[in-house]
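K.L.:
In case you want the letters, here they are:
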Amino acid sequence: MNTQETIEMMRSVAHAMVQSEPMLTKFDQAIGDGDHGLGIERGFSNVEAMLDESFSAADVGQVLQKIGTKLLSTMGGASGAIFGTLFRAGAKSIAGAPQLTTEALAQFLTAGLTAVCQRGGASEGDKTMIDALAPAARKAAELAELEFEQAIAQVVEAAEQGVEQTKEMVATTGKAKTLGERSLGHPDPGAISMSLILKFMAEHVDAKVAV
Amino acid sequence: MNTQETIEMMRSVAHAMVQSEPMLTKFDQAIGDGDHGLGIERGFSNVEAMLDESFSAADVGQVLQKIGTKLLSTMGGASGAIFGTLFRAGAKSIAGAPQLTTEALAQFLTAGLTAVCQRGGASEGDKTMIDALAPAARKAAELAELEFEQAIAQVVEAAEQGVEQTKEMVATTGKAKTLGERSLGHPDPGAISMSLILKFMAEHVDAKVAV
Amino acid sequence: MSKPKKLLNDPGEVAREQFEGFMLAAPHLEALPGMTAAIRKDFRPDKVAVVTGGGAGHEPMYGGYVGEGLADAVSVGDVFAAPSPDVIVETCSALSPQNGVLFVYGNYAGDNMNYDIAAELLEDEGIPSHTIRINDDVISAPPSLLEERRGIAGALYVLKAAGAAAETYSEFDEVVAAAEKALKHTASAGVAIAPCAIPRNDSFNFEIAADEIEIGMGLHGEPGVGKSKISSSDQVVDQIMEALAEDLSLKAGDEVCMLVNNLGASTQMELLIANRAANLYLQQLGVSVYDNLVGNYCTSLEMSGFSISLFKLDEQLKALYDQPCQSFALRR
Amino acid sequence: MSKPKKLLNDPGEVAREQFEGFMLAAPHLEALPGMTAAIRKDFRPDKVAVVTGGGAGHEPMYGGYVGEGLADAVSVGDVFAAPSPDVIVETCSALSPQNGVLFVYGNYAGDNMNYDIAAELLEDEGIPSHTIRINDDVISAPPSLLEERRGIAGALYVLKAAGAAAETYSEFDEVVAAAEKALKHTASAGVAIAPCAIPRNDSFNFEIAADEIEIGMGLHGEPGVGKSKISSSDQVVDQIMEALAEDLSLKAGDEVCMLVNNLGASTQMELLIANRAANLYLQQLGVSVYDNLVGNYCTSLEMSGFSISLFKLDEQLKALYDQPCQSFALRR
Ligand SMILES: Nc1ncnc2c1ncn2[C@@H]1O[C@H](COP(=O)(O)OP(=O)(O)O)[C@@H](O)[C@H]1O
Ligand SMILES: Nc1ncnc2c1ncn2[C@@H]1O[C@H](COP(=O)(O)OP(=O)(O)O)[C@@H](O)[C@H]1O
Ligand SMILES: [Mg+2]
Ligand SMILES: [Mg+2]
Ligand SMILES: [Mg+2]
Ligand SMILES: [Mg+2]
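Residue numbers (our numbering), protein chains in the order written: chain A, 5 to 215; chain B, 5 to 215; chain C, 254 to 585; chain D, 254 to 585.
I should point out that these hints are in silico values taken from the structure, not numbers from a laboratory.
A portion of the hints provided could be inaccurate.
Now the stretches of chain D that chain A is said to cover, found in silico as 3 or more residues with beta-carbon under 8 Å [as the list claims (entries may be wrong)]:
id	stretch
1	416-428
2	470-480
No more than 20 Å apart at the CA atoms, straight line, and that leaves these computed lysine-lysine pairs for PhoX-like [claimed, not checked]:
id	chain 1	residue 1	chain 2	residue 2
3	D	K482	C	K259
4	C	K258	D	K256
5	D	K504	D	K437
6	A	K30	A	K171
7	C	K571	C	K437
8	D	K258	A	K30
9	C	K258	D	K482
10	D	K258	D	K437
11	C	K258	B	K30
12	D	K256	D	K434
13	D	K259	C	K480
14	A	K30	D	K437
15	C	K259	D	K571
16	B	K96	B	K70
17	D	K434	D	K504
18	D	K256	C	K256
19	C	K259	D	K258
20	D	K258	C	K480
21	C	K434	C	K571
22	D	K504	C	K259
23	D	K258	C	K258
24	C	K504	C	K571
25	B	K171	B	K30
26	D	K259	C	K258
27	C	K434	C	K504
28	D	K259	C	K482
29	C	K437	C	K504
30	C	K256	D	K482
31	D	K571	D	K504
32	A	K70	A	K96
33	C	K256	D	K259
34	D	K256	C	K482
For every residue, glycine included, the Cβ atom is placed at its ideal position computed from N, Cα and C.
In isolation and in its complexed conformation, chain A is listed as follows (with noise of 0.2 Å):
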């Protein structure tokens, strides 16, 4: 996937976050403070608007890392910082990058886990989206092989299991950390919209298979 189908790709998956504001807002109002919905679609609507028909970008890296700094700086919120950060640090990881290649994916999922742990100091188990993060990452480091487009789905499969995993966990950290075993049963918030971002970008490459 070449840099202008990946800025197409990245508008269609932006578009679609900010549709999934109610959904996210009812899991944060379950076991956070209800406006993890609302930073979603703040950031993500900005990102949209930066991604318009004057958007360019040298490479691959340089699109996800404007996404990334656009994140940071209007979101706010423990969200902006986290997904900000996984935005500015996966694409450094792979800078100059003409192509989003399975092993750029991976190599962008894995350098932006290890920043956004470093960052908020959590890690796997803590019922954060580092629990759909990481097991996406690993999916798509195995899948290093196969092209984007065959691989995607798979990924989405493994951060969607991590949500999945979620709700057995008891939150650490964040707003939820408190619920504590109030938690219990219910997923986190951030792991969706991480499962989400992914399955957006499956989407947009079936969408475009089916076209």
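Keeping the supplied structure of chain A fixed, place chains B, C and D with the ligands upon it in accordance with the hints.
P.N.:
Coordinates of chains B, C and D with the ligands only, in the frame set by chain A:
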């Protein structure tokens, strides 16, 4: 009815007024600020406590005057001033009276009415307790020749008719004032209290006759 | 219907308990034994005594405005009920005032009657007084019926001016004139979006549908201009500001103080958003805002909504407003 | 279920509009163009810059505590969302601080991360900073996990001490030490009886049954010690005071400042009644109250309930508390 009998009657009136709180509250919530029942309860529970075994008074006038002073000093609100004034001014007009006759009652109510009108600047038709007090005073004067025990029922009836008529009036004073048209259909809570005082006098008299 | 929910002890004791809680936070005041009434510890008997009060349920009004440069004493009744004449008389007597008493309180039948009786009793004791009934609520009656208007949050400005005047002027009549002028220069109007309940009662005093508001509603739920569909804050504020500007005949070049006051349960966010529109309204009119208060200054238990009060300044009133004051609810 | 009811304009614009409304009432501050952030007009670049901020929805926290003797700048995010690093960096840069930046804000994951990123960016620009994360909520984690505790209304005392220290001390480390000491001497705990709703959301963030309360609930609805049946205010206050007294190891002869803070929709009457019990508790312990604030100082939109904060004084902290301050929400 002599001084001691008047004390007993007023003790049972005070007790019954306290019991009327919930009903009075409802009516003041409908067209006022919801505190009339609580004010009546506060004032008359103080009166009831005052009229205990140790209470004594030289004459009927003094009984009613002490009740008025107690109401004035403990009730507060519009009705504290109004019912305090009624009892104090009414009692002054029958100072030294050894018996509560119908004539004494008529004098009490008439003098009280004048004082209340002066104090608050309202007159008949303004949707206040005056609309129960004025017809009751007139009826008592009309029946002045009858025994208290025989007259009181008709005085109550006159007061209750007055209450009925307040439903058709638009309030022009007190907290119900600005309800304007919206006060139509609701009786005035102060008028109800006025009629209840007389009604509980009659009930006490009846109960004594029955015994 | 939802039910009132409050965290209290005995709901029959709220007036006393809230007063005790207030006194503990107001060490500059001295309570009258056994009463919900207090006086300034540092009152100088040779100055005009400014005495205020009213029913409970409007905290921090009125006790919050007793202190240096404000009122000198306060008497508090039960919830939404004026204090009795006895309490008012004792409050005044505790001051041993040598230069007369200026009563400043809200224009309600219950307050008027109880304070009038108290004033008569004081006169018998040789203490002269003058009464100012705050009637700043411009929605509650037309200008032709000023004596029918209710008193709401604008009391703050009248108490501020009266208190400052009493510290400054030695003549009783001068203090009265300044306070009366302040009242004429004060106009207020409110809006309610949810009702209040007296703690002893287990239902609300009135109802407002989920999609309705009432502009002009009074501190105890007295109706205003009637219910209307909930619109935008900006629209409501404009309607209120128009009423105030007309009442005070505001014109370009005028200077005002403005208070955006929480009736109780509104968010501070709503107040600030209303304050924004109120300021924009005045800017468009060319009226400048000398001082701007936003917060809980005169409440109605848990009523949701706010009122806006304007205090139109002239040289004298500005000088009085500029004087320092120290109290529970107002420090400058 | 009852629905949230607020009088607003576009619910997506509340953070900006409330900030504009606030700025109009805070003429001593200057807004950063296009941002919900502001600095003191009279900031002296040679003093340590005290910089605060956080999500909107807690008005008058934090903007209300920017001014003489308090913080020097504030950045505000969207409702319940930390400001972004860009805004924080621009806020600090606008001060051109020559003696370093002391960040003072509530200990929440979102704030921590955004402020940390900002601090790193500032360092790149050659502006050194130190961070104090307010963690006064003693219910939110045990003493062994101090770094997990949330920041609530006690921020007021830390900002007061930090601001006074920054006016007084010229050494960066001295200011930091004073502010850190103030934080150690501050303890808070709250109780919620009804929920709040983010204006854009049309349902409440959490639910509390009509006959339940939750002691220790956080500013965004984070759980406390669990739901319990609604009892008396006195009982709840005693439970809160016990937790605070234990945390600060209070003993006879100690002196504290106390804040009884409205989370939003509680009546002022409930606050004063709670203040009564809180004072009685301290009296029984032999602890004296040096200063006592009661009101809306750190809110959570329309959450109903209150928090109590204690600030244990020593000679230094008392001197800092005694210094004058002037801001929208605090004047002494
Ligand atoms: N330390 C952290 N590391 C990684 N992700 C985190 C961390 N803290 C919170 N998150 C993620 O952020 C999400 C909440 O985002 P948001 O609602 O925007 O933040 P806030 O907690 O500030 O309201 C959580 O669901 C979680 O996935
Ligand atoms: N000016 C007046 N003259 C006579 N009665 C009055 C007057 N104003 C009010 N009242 C009576 O007082 C009653 C209300 O009493 P209450 O609820 O105690 O007073 P408030 O209006 O202070 O809440 C009214 O129903 C009316 O009958
Ligand atoms: Mg959140
Ligand atoms: Mg009433
Ligand atoms: Mg009343
Ligand atoms: Mg948040």
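K.L.:
Now tell me, hint by hint, if it's right for this structure.
P.N.:
Here is what the structure says about each hint:
no. : hint            : result
1   : 416-428         : violated (count 0)
2   : 470-480         : holds (count 6)
3   : K482/D x K259/C : holds (13 Å)
4   : K258/C x K256/D : holds (15 Å)
5   : K504/D x K437/D : holds (16 Å)
6   : K30/A x K171/A  : holds (15 Å)
7   : K571/C x K437/C : holds (14 Å)
8   : K258/D x K30/A  : holds (19 Å)
9   : K258/C x K482/D : holds (13 Å)
10  : K258/D x K437/D : violated (39 Å)
11  : K258/C x K30/B  : holds (19 Å)
12  : K256/D x K434/D : violated (43 Å)
13  : K259/D x K480/C : holds (16 Å)
14  : K30/A x K437/D  : violated (37 Å)
15  : K259/C x K571/D : violated (35 Å)
16  : K96/B x K70/B   : holds (11 Å)
17  : K434/D x K504/D : holds (18 Å)
18  : K256/D x K256/C : holds (14 Å)
19  : K259/C x K258/D : holds (18 Å)
20  : K258/D x K480/C : holds (15 Å)
21  : K434/C x K571/C : holds (12 Å)
22  : K504/D x K259/C : violated (32 Å)
23  : K258/D x K258/C : holds (16 Å)
24  : K504/C x K571/C : holds (17 Å)
25  : K171/B x K30/B  : holds (15 Å)
26  : K259/D x K258/C : holds (18 Å)
27  : K434/C x K504/C : holds (18 Å)
28  : K259/D x K482/C : holds (13 Å)
29  : K437/C x K504/C : holds (16 Å)
30  : K256/C x K482/D : holds (16 Å)
31  : K571/D x K504/D : holds (17 Å)
32  : K70/A x K96/A   : holds (11 Å)
33  : K256/C x K259/D : holds (18 Å)
34  : K256/D x K482/C : holds (16 Å)
Violated hints for the displayed structure, listed by number in ascending order: 1, 10, 12, 14, 15, 22.
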